[in-house]
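Asker: Read off the chains here:
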Amino acid sequence: MKVPLRWLKEYVDLPWSVAELAERLTLAGLEVTGFRAVGVPPPTGLRLKSEFVSPVWDEEKVVIAEVLEVRKHPDADRLHLVDLNYGTGCLTVVTGATNLKPGDRGLKVVLARVGAVLIDGHSPERALRPLKPAKIRGVLSEGMVCSALELGIADEHEGILILDPDAPVGMPLAEYLGDIVLELDVLPSMARCLSMLGVAREVAALSEQPVRYPPTEVLFGPQEAATQVHISIEDANLCSRYAAMVIDSVRVAPSPTWLQLRLLLAGMRPINNIVDITNYVLLEWGQPLHAFDYEKLRDRAHGHVPHIIVRRARPGESLTTLDGQQRPLHGEHLVIADTAGPIALAGVMGGLETEVGPETQKVLLESANFDPVTIRRTARHFDLPSEASLRFSRGVHPDLVEPAARRAVEWMRQLAQGTVARGLVDVYAARPSEQRVHLSLAYVHRMVGYAIPRDDILRILRGLEFTVDEAGEDTWLVTVPRHRLDVQHGPADLVEEIVRIYGYHRIPPTLPREPLPDYQTPRDGQIEERIRDILVTLGCQEVITYSLTSIERERPFVGEGADYVRLLNPIHPERSVLRRSLLASVLAIAAQHLRDSPRLRLFELGYVYLPRAGEKFPDERRHLALVLCGPRLAEFWEGASSPPQDFFDLKGLLEGLFEALHLGQASQGNARVAWQPTNVTWLHPRRAAALVLRPLQSHTTTKGIASSSSDTSLLIGYAGQLHPQLHDTYELGRREVYVAQLDLEALWPHLPERFTCRAVASFPPVRQDLAVLVDESIVAERVREEIFAAGRPLLREVHLFDVYRGPNIPEGKKSLAWSLTFQAEDRTLTDKEISKLVQKIVDRLEKSLAAQLRAP
Amino acid sequence: MELEQLRQQALAQLEAVADETALSSWNSQYLGKNGLLTQALKRIAQLPPQERPSYGQQVNALKEALLAAFERKKSELHQQEIARSLAAEALDVTLPGRPVLRGRLHPATQVMRDILAIFAELGFQVYRSREVEDDLTNFELLNMPPHHPARDLWDTFHTTVPGVLLRTHTSPGQIHVMRQYCPRPIRVVLPGMCYRYEQITARSEIQFQQVEGLAIGESISLADLIGTLSTFAKRFFGGDRRIRIRNSYFPFTEPSIEVDVDCILCQGENAAGPSATATLPVSSCTLCKGTGWLEILGAGMVHPVVLRHGGYDPERFQGFAFGLGPQRMAMLKYGIHDIRLFWSNARHFLEQF
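Residue numbers (this note's numbering), protein chains in the order written: chain A, 1 to 856; chain B, 1 to 353.
Worth flagging that the hints you see were computed from the coordinates, not collected in a lab.
Incorrect hints may appear among the rest.
[To be verified] Some but not every residue of chain B turned toward chain A, in silico, with C-beta under 8 Å: (1) Ser28; (2) Leu31; (3) Val132; (4) Trp154; (5) His158; (6) Ala215; (7) Ser230; (8) Ile257.
From the three backbone atoms N, C-alpha and C, an ideal C-beta is built for every residue, glycine too.
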């Protein structure tokens, strides 16, 4: 909403500087987002940027002048010489303006004298230039007559600006027309401020003064309106009120300059006096109006009295709107029709056929109220945002129909010499009931948390034109003024009115004093953050990628035929579904990073979205993805480049994570992670592991991995080398890439809620090495389990320190060298005890795995 | 050999010793078991008895002197050795250090933690709710019935399941948390990802994080809201921040406010002002565009309709809610000019945090 302050001042005094006015309106909810200075300097202290380039009209050099005579230029057919009186002197200028011709005299124009800064009408970028004396075809011109474009008022010009006849000769133009236009961002709840009067009411309430309402008296002619039009409303839910007035003998012509300029500054284009008046009143009251050519309506009715019918469009109907577009209609659209069919899209745009034009002699003025939802839908459907549909779709109080209509017809009488037929033909099908709200002082104080004085409350409400009646001690019955629709929910709405006018800055800040609720932040959120921290300490970089992706991108990890949460209205096919896998997205980032850096360790911890059969909402699960690639260590000047990260870097990282989460440690929790060789399509078939949660007591069982996929095991993810076949898909080049994907939601029920700190042993540990030969097919984990099973509980730690194949080792065998740590809590272990335990372990390995002790 | 002659010869030779080996042979030559000094001592037997004590004393004095000279020489050689090795171990201290491979949290995570930590100090617990929502919870229960004009404020991604959408804000979490805890008091923050049907530009994203706050009790007031947000702004942006409260509109709060903080770059000082010649005010601050204020969040008192939908009786309970955007906060705090950097995960962006 653009508010020219010169116009606003008609309804209310502006007691503040422009900057202070803007600040006060902004704080009260009418945000001033920009401004335009018209011919005057930007207001002091206004901290906004102007989007308009406008010259400052020099008081001495840009003045109102009267045309004394227009003469032909002696040497140029298209140029004229204009003799001007500018009050303190006379001057002749040369002009090429098309709207001045020899013989014109007495016109009021704007004279710019040498030195005045104006917009150069010929420069495409609208540059500001000082005016220089010029000899044009031999005639010296010491100034110019200005167009609206050169003055910075309009974006285009058709000749020079001709002022109204009463413009005072010699007056500086800045004094006559200079203005500041504020641009307001009007919130949905402040729709009433999409009007000059609405803004004036705000200023009035904020500055504690009354609004000067414009007159709505009409000087009627002899005829009656009621006999000249009939009105029917078919559905009162869609049109609560429709009123019409009839104005005869109008002379359609351009509006007076002052009216045109007001519309221009308010952002509307002047058309002709009739249309301009409907727009002027729309801007003044916020009530959209529409003018029909009455004769055309009567023609359509074959000479009978026109019958206006407000109804839904019927199948097959169409309407050619003012913009010349033929628009097919359907039953969702509300139309204004007559007996011959639709004549306007209600509240959105008029029809071309019944448009007011230069030949129009009689006008039917519509002032009506339409359902916001219907108007909003129709305007959207046709992509026709208009000043009218903007207001109707935000809600206009139907009581405004009458004053707006009266104001408009009186202008038509005065400015278009029309004769107004007596009366408003008015069908008020659904008058909203008066809104009354009970309000108590205690409620206001409790809600605000500060005792705004009683008198301030009453003064504010009355200043906003609420009627306040006493309803008991410190309680009131408040009646909502009949221009507002936003007070719907009782006293809370009134508290907002009170506080925003009183000023939020006057409420002393406090902190909640109530005791804290007793519930706790859920544990999974804490673990999630802990996992992030652990991974960061392990040298990983976190990434966060889009949850929206494409099925195509994820197919290698998700497979064919998986069900997705799909968007009905994606912005791009690449972002059309919610992801089921993090890895595809993280690999895309990895590819991007690898372009300029050889090494990476990335992780993402985020949601995947798995649709569930028969359920409305998907399962939103937190997953973890890890991607490793490139050298283990960063490049260093010492030489010797670092070997690339491999499977065991990835495994070490995950083991570090599990250890830090106390997962699978003796006496902590109830499960541990087992790494099982596996085969998934997206991993290297010989370098892939399934991560399986297994009950912790499996340490003491003799079950091997091969038989451990029992009911008690739970797959939590996969880790391994990314299948080389996928490198091209994700643009990863030829380096080995190691990836892991874990379902954290599956993990956290098994994480110990709390861990117990073990005593620090006071008896020395004994370390003993043990190398065994086993068959290649036996995995290391199996051997470790057997060692543990035999050595517990005095065997504390088992650590693999060497894997060896080669000379001295039979074909098909490998040597695994273990370091065993024994320790007792209550004594120093003797050599004898240790040898006995080691022998027990060796026996068990021989028996269950056919292992051989390798000579030390 | 006369003792004096022996002394002079030994000291002269010791003087010439240049390394440990020479020192060692000097030691055996003079002070060893068969060294010259031992031999000199043995000669005592050949002397007349009356000369013996005096001779013995002289030999012993000589031995003391040579031992002391030996120790001095030994220490001297050791010092020389250290000096030699130090010289050999010289290095260029300006060479770069061995790189440490540091992991990092994504800046969005870091800022989210900063925000949640501040609210944790103010007693707000974290609550999470789903991202895939229904129209009912995302809009209707928040006082936006179908076709409510305020729905235009949120451009929505709809899913192919009718009525199911991607939440456009964290506010539907208010309904979940209220329904879970009613009628107990509430003080939670609800962080999470939200989605909007928008073009991706430097200023707007299709997904972004939000932190919703909700406090409900019997006396939680607007003044409490202002105090809470003012405390937050100061802690997040730094000590002397001032906040400005503007009236605003959200369907689910009444009254509704928007909170601005004074510009952290220009301190609100370099606001646009009129200049003598130009007709455009010169706005020197790139962050606040000369207005002196930065919009940081929206808030308000929970709308009575929303309270009722959550199960709370608005006659007895009241509370406040607020919503802020961590990406926007990070952009303001760290001078990030393009929101797309967050999910682009550009290496040079991530590695600055």
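Asker: Tell me the hint numbers this structure goes against, listed in increasing order.
Answerer: Numbers 1, 2 and 4, in rising order.
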